[in-house]
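If you want the building blocks of each chain, they are given just below.
Number of protein chains: 2
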Amino acid sequence: MKKEFVVVGLGRFGGSICRELVEQGADVLAIDQDPERVDEFASIATQAVVADTTDEQALVSLGIRNFEHVIVAIGEDIQSSILTTLILKELGVEKITVKAQNDYHAKVLQKIGADQVVHPERDMGIRIANNMISNNILDYLELSDEHSIMEIKANEMLAGHSILDLDIRARYGINIVAIKRGEDVVVSPMAEEPIHEGDILIIIGSDADILRFEKKALH
Amino acid sequence: MKKEFVVVGLGRFGGSICRELVEQGADVLAIDQDPERVDEFASIATQAVVADTTDEQALVSLGIRNFEHVIVAIGEDIQSSILTTLILKELGVEKITVKAQNDYHAKVLQKIGADQVVHPERDMGIRIANNMISNNILDYLELSDEHSIMEIKANEMLAGHSILDLDIRARYGINIVAIKRGEDVVVSPMAEEPIHEGDILIIIGSDADILRFEKKALH
Ligand SMILES: Nc1ncnc2c1ncn2[C@@H]1O[C@H](COP(=O)(O)OP(=O)(O)OP(=O)(O)O)[C@@H](O)[C@H]1O
Ligand SMILES: Nc1ncnc2c1ncn2[C@@H]1O[C@H](COP(=O)(O)OP(=O)(O)OP(=O)(O)O)[C@@H](O)[C@H]1O
Ligand SMILES: [Ca+2]
Ligand SMILES: [Ca+2]
Ligand SMILES: [Ca+2]
Ligand SMILES: [Ca+2]
Numbered sequence: 001m002k003k004e005f006v007v008v009g010l011g012r013f014g015g016s017i018c019r020e021l022v023e024q025g026a027d028v029l030a031i032d033q034d035p036e037r038v039d040e041f042a043s044i045a046t047q048a049v050v051a052d053t054t055d056e057q058a059l060v061s062l063g064i065r066n067f068e069h070v071i072v073a074i075g076e077d078i079q080s081s082i083l084t085t086l087i088l089k090e091l092g093v094e095k096i097t098v099k100a101q102n103d104y105h106a107k108v109l110q111k112i113g114a115d116q117v118v119h120p121e122r123d124m125g126i127r128i129a130n131n132m133i134s135n136n137i138l139d140y141l142e143l144s145d146e147h148s149i150m151e152i153k154a155n156e157m158l159a160g161h162s163i164l165d166l167d168i169r170a171r172y173g174i175n176i177v178a179i180k181r182g183e184d185v186v187v188s189p190m191a192e193e194p195i196h197e198g199d200i201l202i203i204i205g206s207d208a209d210i211l212r213f214e215k216k217a218l219h
Numbered sequence: 001m002k003k004e005f006v007v008v009g010l011g012r013f014g015g016s017i018c019r020e021l022v023e024q025g026a027d028v029l030a031i032d033q034d035p036e037r038v039d040e041f042a043s044i045a046t047q048a049v050v051a052d053t054t055d056e057q058a059l060v061s062l063g064i065r066n067f068e069h070v071i072v073a074i075g076e077d078i079q080s081s082i083l084t085t086l087i088l089k090e091l092g093v094e095k096i097t098v099k100a101q102n103d104y105h106a107k108v109l110q111k112i113g114a115d116q117v118v119h120p121e122r123d124m125g126i127r128i129a130n131n132m133i134s135n136n137i138l139d140y141l142e143l144s145d146e147h148s149i150m151e152i153k154a155n156e157m158l159a160g161h162s163i164l165d166l167d168i169r170a171r172y173g174i175n176i177v178a179i180k181r182g183e184d185v186v187v188s189p190m191a192e193e194p195i196h197e198g199d200i201l202i203i204i205g206s207d208a209d210i211l212r213f214e215k216k217a218l219h
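The listed protein sequences correspond, in order, to chains A and B. The opening residue of the first sequence carries number 1 in my numbering; numbering runs sequentially from there. The opening residue of the second sequence carries number 1 in my numbering; numbering runs sequentially from there.
Note that these hints are calculated values from the structure, not bench results. There may be inaccurate statements among the hints.
A pair holds if it fits inside one copy or across any two, identical chains being indistinguishable in the list.
Cross-link-like lysine to aspartate or glutamate pairs, in silico, EDC-like; alpha carbons within 16 Å at most [what the hints assert, rightly or not]:
{"hint": "1", "residue 1": "Lys180", "residue 2": "Glu142"}
{"hint": "2", "residue 1": "Lys180", "residue 2": "Asp145"}
{"hint": "3", "residue 1": "Lys216", "residue 2": "Glu156"}
{"hint": "4", "residue 1": "Lys180", "residue 2": "Glu146"}
{"hint": "5", "residue 1": "Lys89", "residue 2": "Glu56"}
{"hint": "6", "residue 1": "Lys180", "residue 2": "Asp139"}
All of these numbers come straight from a predicted model, not from anything done at the bench.
Chain A extracted, bound-state conformation (with noise of 0.2 Å):
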């Protein structure tokens, strides 16, 4: 069965969910109250509609409560955007995503039962950060406070070394689980194999001792 979306806002954010949604198969209703936005995504969406989503009974002729999730990207008017997410709460909308403008938007949302609220600007502001501090750290996944999954690009130092040469794993507490390659991507590589300038190493540990590494093997 084919999910079924709803993407009200469609902004730099909400326009950018609703493509990615479609591109990965699921149907999207989008909707946004100007009509230019709206033509724009015509094309796009699986259904585009004007409509003022603080309009209960707009919501309602929409039958909007057969969608299985509503991602309210409305942010600027951050009345329009509480309003709209408690008149879908209580039409029964089953999962409700919002995106929250500050600290004060994202507590009203959860109290009036958003199930997930997102801080898009200020988590991409952390993303980027991260890279900008370190030139060798391209990407991250976060596991925990403490843990965490990095890209870390090989330099000169590491080029020409096999992974059992460096010994990385007794030395600073950190596996390689993946090297990529250009657009390969070695996925456990074994102990022998060499290290290329260029490579983009996948290692997993802890962040200190990823710093650690970072600091030590790579300057």
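Given the structure of chain A, go ahead and fit chain B with the ligands onto it with the hints provided.
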């Protein structure tokens, strides 16, 4: 040596970058033309000043070219974003990262020499959409077009079995690189490790294999 950054534009995105850079121990000069925003960051950034960054003289006085990396987080006012980037480039700033509002904006920024162009709302939209598509996939790191690392919630279908038991590697071609259990992270779990309901499995493999695992093993 401490890294020195400049953040221009203290909205949600730029503000978040500033906070995270400082938290990570970096020195940050925060700039905004709005005195209220600058006030808010006076106690957060290493230094916070009111300035219009489209004014070349103002940037020269701030000694902007002594900083390693400048991020331009001006969004709405595309013209100011472009002009600021152009001036920074002409003043010889080493690395410039700029937030783009749309593809046209991004293209201009690249043409005038921005080293990195970021689309926070679009990229976070893609992340959120992927999380919405699957109830089990909590987070992920894209390794290539075809390979990913994913966080998948273990359900009652997996609970009680060991990795050996489930024969995940042979049956699905994927590897479990870690298991998150509450705040604990078990890195490179043994084949005998029993999976508990609520465990979060960190798996690596091709997108197709992961999808197959997610469809077959979890439903
Ligand atoms: N009550 C409402 N009903 C329907 N759509 C609404 C309502 N209020 C706002 N919107 C729509 O929500 C969309 C997103 O609003 P916002 O002001 O956050 O735009 P934005 O700054 O372009 O968003 P982004 O930060 O994602 O780029 C707009 O297209 C706006 O028309
Ligand atoms: N020429 C300029 N010089 C200095 N600061 C500027 C200039 N132009 C805009 N800014 C500042 O850039 C900041 C970000 O602008 P934007 O309009 O994108 O705000 P925002 O919507 O709050 O951002 P976000 O999407 O990150 O939440 C604002 O605080 C604004 O005062
Ligand atoms: Ca952390
Ligand atoms: Ca905005
Ligand atoms: Ca925004
Ligand atoms: Ca992909």
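Each hint tested on the structure:
Proximity of lysine 180 and glutamate 142 under a CA criterion of 16 Å is satisfied inter-copy only: 11 Å between copies versus 19 Å inside one chain copy. Taking CA atoms no more than 16 Å apart as the test, lysine 180 paired with aspartate 145 passes between copies only; the shortest distance there is 11 Å, against 25 Å inside one copy. For the homomeric pair lysine 216 and glutamate 156, the shortest alpha-carbon distance inside one copy (13 Å) is at most 16 Å, but the shortest distance between copies (43 Å) is not. Proximity of lysine 180 and glutamate 146 under a CA criterion of 16 Å is satisfied inter-copy only: 12 Å between copies versus 24 Å inside one chain copy.
Proximity of lysine 89 and glutamate 56 under a CA criterion of 16 Å is satisfied intra-copy only: 11 Å inside one chain copy versus 51 Å between copies. Proximity of lysine 180 to aspartate 139 under the C-alpha cut-off of 16 Å is restricted to the intra-copy arrangement: shortest distance 12 Å within a copy versus 20 Å between copies.
Checked against the numbered hints listed earlier, the structure breaks none of them; every hint is satisfied.
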